[in-house]
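J.: Spelled out, the chains give:
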Amino acid sequence: MPARENNNNKRLEVKLGRLKLKNPVMTASGTAGYGAELAEFFDLSKLGAIVLKGISLTPWQGNPTPRITETRCGMINSIGLQNVGLDAFLREKLPFVRQWDVPVIANILGTSAAEYTRLASALEEAGVDGIELNVSCPNVKEGGIAFGLDLKSFASLVRAVRARVKKPVLIVKLSPGAPGIEEFSRAAEGEGADAISLINTIPAMAIDVNTRRPLIKNRIGGLSGPAIKPIAVRMVYQASKAVKIPVIGMGGITTGEDAVEFMLAGATAVAVGTATFMDPMAVLKVVQGIGAWMERHGIKKASSITGAMLT
Amino acid sequence: MPARENNNNKRLEVKLGRLKLKNPVMTASGTAGYGAELAEFFDLSKLGAIVLKGISLTPWQGNPTPRITETRCGMINSIGLQNVGLDAFLREKLPFVRQWDVPVIANILGTSAAEYTRLASALEEAGVDGIELNVSCPNVKEGGIAFGLDLKSFASLVRAVRARVKKPVLIVKLSPGAPGIEEFSRAAEGEGADAISLINTIPAMAIDVNTRRPLIKNRIGGLSGPAIKPIAVRMVYQASKAVKIPVIGMGGITTGEDAVEFMLAGATAVAVGTATFMDPMAVLKVVQGIGAWMERHGIKKASSITGAMLT
Amino acid sequence: MGFSAPDIALPKAEPGQFFMFGVKNCEKDPLLKRPFCYFRRRGNTLEILYRVVGKMTSIMKGLRPGDEVEVLGPLGNVYPMAQAVCKTPLVIAGGVGIASVYPLIERFKGSAILFYGGRSKKEILLRKELRAISKKLVVATDDGSMGFKGTAVDAARDFLNGRNPDDFVLYSCGPNGMLKAASALGIQGYIASEEKMACGIGVCLGCAVKTKEGYKRACKDGPVFKTGEIIFD
Amino acid sequence: MGFSAPDIALPKAEPGQFFMFGVKNCEKDPLLKRPFCYFRRRGNTLEILYRVVGKMTSIMKGLRPGDEVEVLGPLGNVYPMAQAVCKTPLVIAGGVGIASVYPLIERFKGSAILFYGGRSKKEILLRKELRAISKKLVVATDDGSMGFKGTAVDAARDFLNGRNPDDFVLYSCGPNGMLKAASALGIQGYIASEEKMACGIGVCLGCAVKTKEGYKRACKDGPVFKTGEIIFD
Ligand SMILES: Cc1cc2nc3c(=O)[nH]c(=O)nc-3n(C[C@H](O)[C@H](O)[C@H](O)COP(=O)(O)OP(=O)(O)OC[C@H]3O[C@@H](n4cnc5c(N)ncnc54)[C@H](O)[C@@H]3O)c2cc1C
Ligand SMILES: Cc1cc2nc3c(=O)[nH]c(=O)nc-3n(C[C@H](O)[C@H](O)[C@H](O)COP(=O)(O)OP(=O)(O)OC[C@H]3O[C@@H](n4cnc5c(N)ncnc54)[C@H](O)[C@@H]3O)c2cc1C
Ligand SMILES: Cc1cc2nc3c(=O)[nH]c(=O)nc-3n(C[C@H](O)[C@H](O)[C@H](O)COP(=O)(O)O)c2cc1C
Ligand SMILES: Cc1cc2nc3c(=O)[nH]c(=O)nc-3n(C[C@H](O)[C@H](O)[C@H](O)COP(=O)(O)O)c2cc1C
Ligand code: FES
Ligand code: FES
Chain A
0 MPARENNNNK
10 RLEVKLGRLK
20 LKNPVMTASG
30 TAGYGAELAE
40 FFDLSKLGAI
50 VLKGISLTPW
60 QGNPTPRITE
70 TRCGMINSIG
80 LQNVGLDAFL
90 REKLPFVRQW
100 DVPVIANILG
110 TSAAEYTRLA
120 SALEEAGVDG
130 IELNVSCPNV
140 KEGGIAFGLD
150 LKSFASLVRA
160 VRARVKKPVL
170 IVKLSPGAPG
180 IEEFSRAAEG
190 EGADAISLIN
200 TIPAMAIDVN
210 TRRPLIKNRI
220 GGLSGPAIKP
230 IAVRMVYQAS
240 KAVKIPVIGM
250 GGITTGEDAV
260 EFMLAGATAV
270 AVGTATFMDP
280 MAVLKVVQGI
290 GAWMERHGIK
300 KASSITGAML
310 T
Chain B
0 MPARENNNNK
10 RLEVKLGRLK
20 LKNPVMTASG
30 TAGYGAELAE
40 FFDLSKLGAI
50 VLKGISLTPW
60 QGNPTPRITE
70 TRCGMINSIG
80 LQNVGLDAFL
90 REKLPFVRQW
100 DVPVIANILG
110 TSAAEYTRLA
120 SALEEAGVDG
130 IELNVSCPNV
140 KEGGIAFGLD
150 LKSFASLVRA
160 VRARVKKPVL
170 IVKLSPGAPG
180 IEEFSRAAEG
190 EGADAISLIN
200 TIPAMAIDVN
210 TRRPLIKNRI
220 GGLSGPAIKP
230 IAVRMVYQAS
240 KAVKIPVIGM
250 GGITTGEDAV
260 EFMLAGATAV
270 AVGTATFMDP
280 MAVLKVVQGI
290 GAWMERHGIK
300 KASSITGAML
310 T
Chain C
0 MGFSAPDIAL
10 PKAEPGQFFM
20 FGVKNCEKDP
30 LLKRPFCYFR
40 RRGNTLEILY
50 RVVGKMTSIM
60 KGLRPGDEVE
70 VLGPLGNVYP
80 MAQAVCKTPL
90 VIAGGVGIAS
100 VYPLIERFKG
110 SAILFYGGRS
120 KKEILLRKEL
130 RAISKKLVVA
140 TDDGSMGFKG
150 TAVDAARDFL
160 NGRNPDDFVL
170 YSCGPNGMLK
180 AASALGIQGY
190 IASEEKMACG
200 IGVCLGCAVK
210 TKEGYKRACK
220 DGPVFKTGEI
230 IFD
Chain D
0 MGFSAPDIAL
10 PKAEPGQFFM
20 FGVKNCEKDP
30 LLKRPFCYFR
40 RRGNTLEILY
50 RVVGKMTSIM
60 KGLRPGDEVE
70 VLGPLGNVYP
80 MAQAVCKTPL
90 VIAGGVGIAS
100 VYPLIERFKG
110 SAILFYGGRS
120 KKEILLRKEL
130 RAISKKLVVA
140 TDDGSMGFKG
150 TAVDAARDFL
160 NGRNPDDFVL
170 YSCGPNGMLK
180 AASALGIQGY
190 IASEEKMACG
200 IGVCLGCAVK
210 TKEGYKRACK
220 DGPVFKTGEI
230 IFD
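Chains as they are written, first to last, in numbering that gives the first Met the number 0: chain A, 0 to 310; chain B, 0 to 310; chain C, 0 to 232; chain D, 0 to 232.
Same shape as in the complex, but just chain A (with noise of 0.2 Å):
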């Protein structure tokens, strides 16, 4: 039934600022390379945007190994943001992912202002849909993370991009050891990003008790997965609360009820990452999840479940 088809995709649409998304379901950053891998999977323009791996001005060789290491419900990863760059980015990458009818949204990271406006500058004229601006790699001291952590820098680091990226949407993704992610959210709020999303890893570390080193090499890494989702949650609602800008939920997400979970709580959109590297089509089953939980909960419009929570 192809009417019926299309009917679910407009009931799946939801919007980022200017952005339509055909369902409010991304893969998070980092964990879908560049679309290759996974349009050998599924057709990527099932998804509702692909936000890319995180891309600097020049290329990053990334940490040693082991560079990943499971733990209860989640597992920890410090791949240290290994990337192209920007040039063989725009030379051999983009151009693959973007034969797809779906939103490419990529995920940039840099030392200071200047490379993270250079690299928005660029990718605008390179016709990316969006922007995601990652103030909150733990993995590397580079990382941005210092943006992350001081909310002057991190203001006036989103006012800079701001001011460079007319046409994509701008995300700003919030680090979670942000003290205070309801001031950070209205910061980025202020400075004029389109939405904000979260959360990224958490920093962590596991030894093991058999060889006594740390189960990866550089000894701390980020947590993903199942174990933070109910801390995702929070910080989502959180977030949410404090800013009218729409939010991307992420941290954990297995299933269209995790998705839901997320927008119950006041995401707009939802980002998949861990759950790819369980089952490649992780993503494709989230966005056919929340239109099955729609359905048995008779709701018309992806977009109402937003801040939806009873209480």
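Hints were generated in silico from the structure; no laboratory data involved.
These figures come from a predicted structure and were not determined experimentally.
Fair warning: there could be bad hints in the mix.
What the hints assert, rightly or not - Under the rule of at most 30 Å between Cα atoms (straight-line distance), these lysine-lysine pairs were calculated in the DSBU-like manner:
no.	chain 1	residue 1	chain 2	residue 2
1	A	K45	D	K11
2	B	K45	B	K14
3	B	K216	A	K300
Chains B, C and D with the ligands: place on chain A using the hints.
T.: For chains B, C and D with the ligands alone, kept in the frame of chain A given last:
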């Protein structure tokens, strides 16, 4: 073999300031009541110390139900520091737990420095072996969390209590949301704390997508259990690098190996919380598990595990 | 479901008590044990009766003979039965609350009157056994698909019409709404609360029940409380 | 362990490839699938060979016929076999690395020389089958409890003494130490890395292998790499 047992006991000994513990394992405040219930399951004198449920000057009735919900590898609680208050504690609860040959550590909370110092004075007089300042309960506005998040009021609180407390060891329990775990640790040390303990539960939320209601009546509660262990290990590592006083590690410990992990990261002692809900004998099993690990690894003294992570 | 322990004598459980129940092998998710009422004992096997509603009960459904489980108990207090000597026990149960009152009705050896409610026919279990062990069984379903159409409390109210409430002693277990309504029938007696539990042994204070004397613990001070003791809001 | 899928044709796997393997029913702990080499196929059943070392493998051990599992694959690249037409395949395997080279040796139909090492006799599996499918099998154990006392690479070095390395093509799978030593034998060929993996499909960048051209992904760019390509530190 009583001789061997004795020997084993000595091997497990650790010190918190002036206070000697038979072994590094204590109950986590709020997860062992005032001792009576666990005493039905095992001999309390087998513990390193017993840390009692937090007490305030006057009785607190606690939060409405539901107060608990399970999450992935963790749980959220919002008990709301329900407690009998200082007077009933001194009259009815303390005498009972003091029957055992085990150090008794009281956990206190207040809404002002004056309340904390009054509690501390009364407890010192009553002869407790240690006092743990809870400045980090996320579940009540009055739970001292303001002290836990602001460095200045935190330091002055520790100073005020320290000035009153002579005999019992003074333990300061940090908030996992403290902006800068190192600074707070150093402040506690600088103001004369004998030890710091961490982590308390992490503010979190979960929503039932069927009823669309929060699974905790108070909406936000505190996350504990194995899910948070990697975050706790990281914080213990950071805190123990920052200070010379002993660190008591907790957060998701369910086995002796978990305890060893915290000790390798830098903890001198550990506390077991949520695991007691999974199995009333959990604390004791952790003691035994540390011993078994030491045997396997040919380690003679538990105190030598502290900070012994290889890199 | 039944379970037995080959090496140890099974503990003696009394009506009203419960067990904390966990499965092995599934690491830390589900994390906590779950409470289930003492249902009955058959030889060396203790039985519980459960409904599949979520994580743990789904796993329990997949268990096979020989699988290991973790059981803590019996826990909690017991339905007082002294009054039932001179009064008629009037039992009101809803849903799987029937598991809690089943051993009680057995003890009353045919003297209990049971009002047993569920949403529909499908939810009404053990009808034959219940009829055999009680003096009178009234089934009530919300949708009228079996017996009285309405709640078990409605059915009990009809029955009491014209009778003296003082001739009866109430025993009730079921959802909070039912306990509240049953308490309002004007019969003295006992109700068993089923608050969510984390520890089951009285240390977490998670299972708080609001009573006239402040919060009490369903697991340690209950699960059985006197009618009128609990404040329903 | 073998698994089959009743409804779909099993995919064709090649030597060197692997599957990501998960169990059902255990909720989110363990969270991630685990990688296991394509070992062999028997009728409509794909087989993997595994050692019990931790969470997932312990659960796998408890699986019973009929239990559902989740399998993704085959994934990764394949041992190139062209050179083995004019050269003799010299295979060095350590521990469960034998699973990876087993189907390769089968393919070589009796032309491969296998050096197979383990800590002790207990770790040496499938000796009969291996002897049957390879031209020559040399077992090496660290403690000398079976065959050559020393590592499989030591045994291979002894064997090569006086022979021309260019007559051989190397295939090796085992712990990093073995791969490093094997690469230093001076024989061109292929080694299969077993870095820890989260996704197995190339998106997490967790399984990074340091190569002359920077980090590569063991799961997508490998697991098979040319000798000399990987930088061991
Ligand atoms: C003292 C006591 C005795 C009980 N006896 C029985 C019994 O004999 N048979 C039986 O089938 N059930 C009984 N219950 C309820 C039983 O404990 C829950 O059904 C069980 O915990 C659900 O576990 P789960 O992992 O399958 O569900 P979860 O995944 O934990 O939750 C699924 C759904 O069930 C709800 N739920 C979870 N725990 C409870 C609870 N304690 N009470 C009500 N709803 C809950 C959740 O809110 C959610 O909507 C008893 C509860 C108590 C407190
Ligand atoms: C491409 C590839 C192919 C593999 N093929 C096989 C195979 O055919 N047969 C087989 O038995 N094993 C194989 N392995 C190793 C196997 O994946 C691990 O043994 C498994 O992940 C352990 O899971 P666990 O949950 O039981 O252990 P965990 O609880 O995750 O860990 C237990 C111990 O095993 C170590 N460990 C975990 N993962 C790995 C890993 N990937 N490599 C080495 N050590 C690890 C941990 O550091 C820890 O010390 C392969 C690994 C890779 C990358
Ligand atoms: C392996 C890995 C790599 C990541 N890389 C990035 C990145 O490059 N940029 C970024 O903003 N977030 C990155 N993240 C964070 C995720 O986008 C997401 O915020 C986080 O993992 C929580 O979601 P999850 O629990 O669904 O994974 C990464 C996460 C993982 C697990
Ligand atoms: C039900 C419950 C009640 C708690 N009450 C207190 C308390 O009164 N005072 C306090 O300092 N910490 C309290 N805590 C926090 C624990 O002491 C501990 O810091 C935390 O739970 C992490 O350890 P765990 O993961 O082992 O439970 C409580 C935790 C739980 C789960
Ligand atoms: S369930 Fe923990 S106190 Fe009752
Ligand atoms: S395992 Fe994820 S990239 Fe290789």
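J.: For every hint, state whether the structure bears it out.
T.: Consistency of the hints with the structure:
1. K45/A to K11/D: Given that 30 Å is the threshold and the Cα spacing comes to 29 Å, the pair holds.
2. K45/B to K14/B: holds, 16 Å
3. K216/B to K300/A: OK: K216/B and K300/A at ~27 Å, within 30 Å.
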